[in-house]
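Asks: One letter stands for each residue in the lines below.
Protein chains: 2
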Amino acid sequence: MNNIHIIGIGLIGGSLAIDIKSKYTNAKIFGIDSNDKHLDEALNLNLIDAKATYDDLQQADVVILSIPVDKAIVELPKVLDKIGDQTLVIDVGSTKLPVCKSVENHKKRRNFLATHPIAGTEFSGPKAAIAHLFEKKTNIICEVEKTTFKLQEKALKLFTDLGMRIRYMNPEAHDKHIAYVSHLSHISSFMLGKTVIEKEKNERDIFDMAGSGFESTVRLAKSSPAMWTPIFKQNRDNVIETLDEYITNLKQFKALMEADDFNAIYTEMENTNHIKDILKGLI
Amino acid sequence: MNNIHIIGIGLIGGSLAIDIKSKYTNAKIFGIDSNDKHLDEALNLNLIDAKATYDDLQQADVVILSIPVDKAIVELPKVLDKIGDQTLVIDVGSTKLPVCKSVENHKKRRNFLATHPIAGTEFSGPKAAIAHLFEKKTNIICEVEKTTFKLQEKALKLFTDLGMRIRYMNPEAHDKHIAYVSHLSHISSFMLGKTVIEKEKNERDIFDMAGSGFESTVRLAKSSPAMWTPIFKQNRDNVIETLDEYITNLKQFKALMEADDFNAIYTEMENTNHIKDILKGLI
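Just so you know, the sequences run in chain order G and L. All you need for my numbering is the position in the first sequence, starting with 1, plus 173. All you need for my numbering is the position in the second sequence, starting with 1, plus 173.
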């Protein structure tokens with residue numbers, strides 16, 4: 174694993190670069206990015222050793238595709254066109270069905286492994302890259318059977334070396350469930366931020382009243398629209414379903430308050446406290 | 174400030190006890206709690222020096238009332254009945270209008286100061302008490318003009334010694350704005366937890382997919398129903414208004430997705446990213 178190409182040197186690509194460099198001291202890391210400023214930043218931050226282009230991919234041991242999911246489905250086939258026979262290509266996007274479909278009939282399909290490391294922060298770009306981002310995090314692998322066994326092994330070694338736990342799932346199930354545990358959280362947070370900003374736009378001082386509870390609930394509203402718009406677009410139907418259920422639950426809570434049924438409000442919260450046990454040990 | 178009585182030795186009362194003990198080494202801290210188990214825990218944890226009853230309040234320099242807001246409006250008049258002429262009584266509840274109204278005509282009204290330290294965690298009870306919880310946090314004081322000047326000074330010294338910033342506000346404005354920056358966050362988090370638990374109840378493994386984003390957005394859903402039900406009840410109308418606006422924003426977001434208007438989705442998120450600047454330096 175000496176020649177690593179990372180396409181898209183942002184939060185995820187850059188953080189992978191940091192950990193790979195520290196684990197594999199002989200590895201040389203090449204960066205490819207449509208944004209020249211980001212590429213220069215990545216060089217200056219020492220995330221990558223050199224810039225590269227698709228024509229260099231022939232020599233790559235591993236190519237990591239870490240770009241917004243709408244770009245990934247366009248670029249992945251081009252990447253597979255360019256790589257060598259032994260090159261492993263990994264994508265790390267937050268939706269899995271469209272990217273799997275984009276190369277289902279590609280002659281190099283067996284060089285590709287679809288993954289989703291459940292790791293990140295609300296920040297983006299090369300400066301957001303941090304060490305140990307993937308330690309003890311779950312990496313979901315889709316359609317593992319469609320990847321050459323030898324390249325599966327190579328990928329697994331890489332993920333294990335970076336400290337990740339592996340889960341296998343088909344892309345349909347991934348996209349359906351991730352809508353609940355990730356995509357809906359982002360929308361609930363963005364809309365919370367919007368509601369408060371709208372209300373308080375003329376009263377900036379009011380944010381002095383915001384505590385750590387508001388800060389943590391609204392944290393994801395700092396996330397990049399360029400990353401999240403294509404995720405919502407690609408996972409449209411699943412996300413709409415989660416929103417339907419979320420809105421229904423909020424309307425029911427409001428109806429209970431309007432009916433002054435605070436015993437039921439208590440029970441609602443008590444039942445949901447169960448999330449404590451669910452999250453314990455998982456995060 | 175040698176004789177401090179804390180009524181309700183939970184997260185807030187207990188954390189105040191820790192900081193007061195470390196700042197005022199001569200202070201003796203007495204605990205009063207309707208829950209005997211909590212009182213024993215508080216003694217064992219060394220949060221309080223001794224148990225007490227309302228009959229001891231005559232000698233208190235400061236009484237801190239840190240109990241659920243429905244109990245506070247019942248207990249505060251009884252506390253004022255019992256205290257000495259120079260005793261300062263502070264409440265720390267999350268709603269301010271009902272508690273102010275509960276003693277507006279009490280003959281000892283000028284011994285009372287209504288406050289809301291914007292500090293806490295999702296945990297509760299004496300074991301949840303932690304040091305430095307109030308450092309650099311905002312404390313909102315309501316109807317300051319109704320408290321005797323000498324006791325205002327005493328309270329301000331205490332808050333300043335614990336590291337808090339002070340903001341003055343009338344109780345109506347407090348309850349209206351806190352609904353947006355605190356109460357709504359809790360409901361959005363509880364309903365997010367509920368939505369995901371309902372969906373995934375038969376598929377526990379799915380929570381393996383939950384990352385730090387879900388964890389932070391759903392954190393407040395671990396909060397105590399015994400604390401939060403009376404808050405929502407006392408602030409019913411303001412909370413219903415915030416819920417109305419939140420639900421409207423979510424429905425609009427869903428409508429944009431259904432119309433495949435992802436440019437508008439992008440703009441929604443981009444506008445809300447502004448929350449970054451708002452929160453910067455405030456928290």
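If you're looking for bench data, these hints aren't it; they were derived computationally from the structure. Please note: incorrect hints may appear among the correct ones.
One copy or two, it doesn't matter: identical chains are merged, so the pair holds either way.
[Stated by the list, open to error] In silico BS3-like links for lysine-lysine, alpha-carbon gap of 25 Å or less: (1) K427 <-> K372; (2) K194 <-> K374; (3) K449 <-> K319; (4) K372 <-> K424; (5) K323 <-> K281; (6) K196 <-> K372; (7) K274 <-> K224; (8) K427 <-> K244; (9) K210 <-> K300; (10) K349 <-> K274; (11) K300 <-> K453; (12) K310 <-> K280; (13) K251 <-> K300; (14) K224 <-> K372; (15) K424 <-> K201; (16) K372 <-> K327; (17) K424 <-> K349; (18) K201 <-> K449.
Asks: Run every hint past the structure and note whether it holds.
Replies: Consistency of the hints with the structure:
| no. | hint | result |
| --- | --- | --- |
| 1 | K427 <-> K372 | both (19 Å within a copy, 21 Å between copies) |
| 2 | K194 <-> K374 | neither (45 Å within a copy, 41 Å between copies) |
| 3 | K449 <-> K319 | neither (37 Å within a copy, 42 Å between copies) |
| 4 | K372 <-> K424 | both (20 Å within a copy, 17 Å between copies) |
| 5 | K323 <-> K281 | within (14 Å within a copy, 81 Å between copies) |
| 6 | K196 <-> K372 | neither (49 Å within a copy, 39 Å between copies) |
| 7 | K274 <-> K224 | neither (29 Å within a copy, 68 Å between copies) |
| 8 | K427 <-> K244 | between (40 Å within a copy, 24 Å between copies) |
| 9 | K210 <-> K300 | within (11 Å within a copy, 50 Å between copies) |
| 10 | K349 <-> K274 | within (16 Å within a copy, 50 Å between copies) |
| 11 | K300 <-> K453 | between (31 Å within a copy, 18 Å between copies) |
| 12 | K310 <-> K280 | neither (32 Å within a copy, 60 Å between copies) |
| 13 | K251 <-> K300 | neither (27 Å within a copy, 57 Å between copies) |
| 14 | K224 <-> K372 | neither (47 Å within a copy, 45 Å between copies) |
| 15 | K424 <-> K201 | neither (54 Å within a copy, 48 Å between copies) |
| 16 | K372 <-> K327 | neither (52 Å within a copy, 35 Å between copies) |
| 17 | K424 <-> K349 | both (23 Å within a copy, 20 Å between copies) |
| 18 | K201 <-> K449 | neither (43 Å within a copy, 36 Å between copies) |
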